[in-house]
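Chains as they are written, first to last, in this note's numbering: chain A, 105 to 218; chain B, 6 to 254; chain C, 10 to 96.
No lab work stands behind these hints: they were computed from the structure. Ideal placement from N, C-alpha and C gives every residue a C-beta, glycine not left out. Some hints here could point you the wrong way.
Some, not all, of what chain A presents toward chain C, calculated at C-beta under 8 angstroms [claimed, not checked]:
1) M105
2) P109
3) H132
4) Q141
5) V186
6) A188
7) V190
8) L195
9) V200
10) R204
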Amino acid sequence: MNHVPYLASAWLMLIGLYGIATSRNLIHMVLCLTVVQSSTYLLLLGVGYRLHATAPIYQGIVPGHRAVDPVVQALTLTDIVVEATVVALMLALAVVAHKRFGSLDPQKLRPLRG
Amino acid sequence: MSPRARQISCVVVLLGFGAFLVWGVLGLQDFGHWTGLYGRRVLKVASSERQVTNVVSAVNFDYRMFDTLIEELILFTSVMGVMLVLRHQRGEDPEPEHAAGDSEGFEDTTDGVRVLGVILIGVTLLLGLYIVVHGHLTPGGGFQGGVILGAAVLLVFLAGEFVTVRHLHPVETMETIEAVGAAGFAGLGLGGLIASSAAFHNFIWTGTSGMLISGGTIPLSNLAVGCAVFGAILILASELLEQALIVRR
Amino acid sequence: MNALQFVTIVMVCLASTVVVFTRDPLRQLMVAGIAGLLLAILFFSYQAPDVALSQIVVSTVAVPIMVLLALVHIKRDEGEHEEEDES
């Protein structure tokens, strides 16, 4: 029972990698990448959790109350922003690849010629 | 390699990698017994030193401002990349003949969607502004509020017509807003450097905790990040919209 | 670890498995939105409201907008390819 969140994060990463490796559609691949990224959020937040503690926001409660790790939450926030930007760039590249090669299948993309 | 062979070799390799992962993860400390020292220090010290109540935003915009600056630059670079890739591709195609106010090829939305959209624009705008401005007091901050503000402007497109949206946000204004946000953030870092020879030092007077004016440069960083993310979301959406709605004859 | 966290973790794992095995991009987008919302509930039960807000905003506003616009653009391109092939 103690390690269930960490095992869940390992499962998410494995299933996301399987989806990326056996994908036949570039957009499907992008959404499988978001699954892999969510496994890292789970691991980060799981490491910083403290039993019977509250959120690290002291509005209305005494400062110094037992709280969860704030540094790990800041790292996860940055990670979520990076996920959004990576998805945007990969979608733009998928649109251009479809224009060039006529198909969204990653196994049909040929190398570019000059 | 045939798809079947690819699938089987993928499963085999992932099983090996998975065994490694599980072995590593079982060596972590028990869930719920966190033993970090940096975090404990920050919790003890942040609300009295910086006079903010949201310790996560203090960590993000003050103690680890370097990381947030790099994250802003990643956002900026990816928006630049999307613009370059899509505009270059648009430049290759033959110039389509469509007038400036042409909204052909864009089906009329139903009345229900339009009414709901019009009602929600004001509410969403207000919510986005609230979350950006109160980022250092309650959960929220520049990034979350910036995306909500971008969604509010995109609701105009949903509730109205493409023509209105084109008058409402020419792309140059959006690019300017995003650049101002990113430069403002970097400028706050430089201000710290000038004021006390440590970059990103919090150099503005911190007020009393719990009021809007508190935390020094933290609410200003929130505003800068909110501007930058607002501009970025609108540029991304308008680049893709422009692509999708040009009509060929 | 309380019951809410355990149930939400199990549901997140199930939803993500379904995301990977849905091949049609439009349907997969809807399932990914649901998985993102479940993840936000999990973050909230981990006492991380900032992170939960961020996850809601990215996974139900930003990512669906971009994926839908990309899909519309790709459908239009396919429509033009067919016109050129016919003519």
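* Looking at the structure, which of the earlier hints fail to hold? -> Of the numbered hints, 4, 5, 7, 9 and 10 do not hold.
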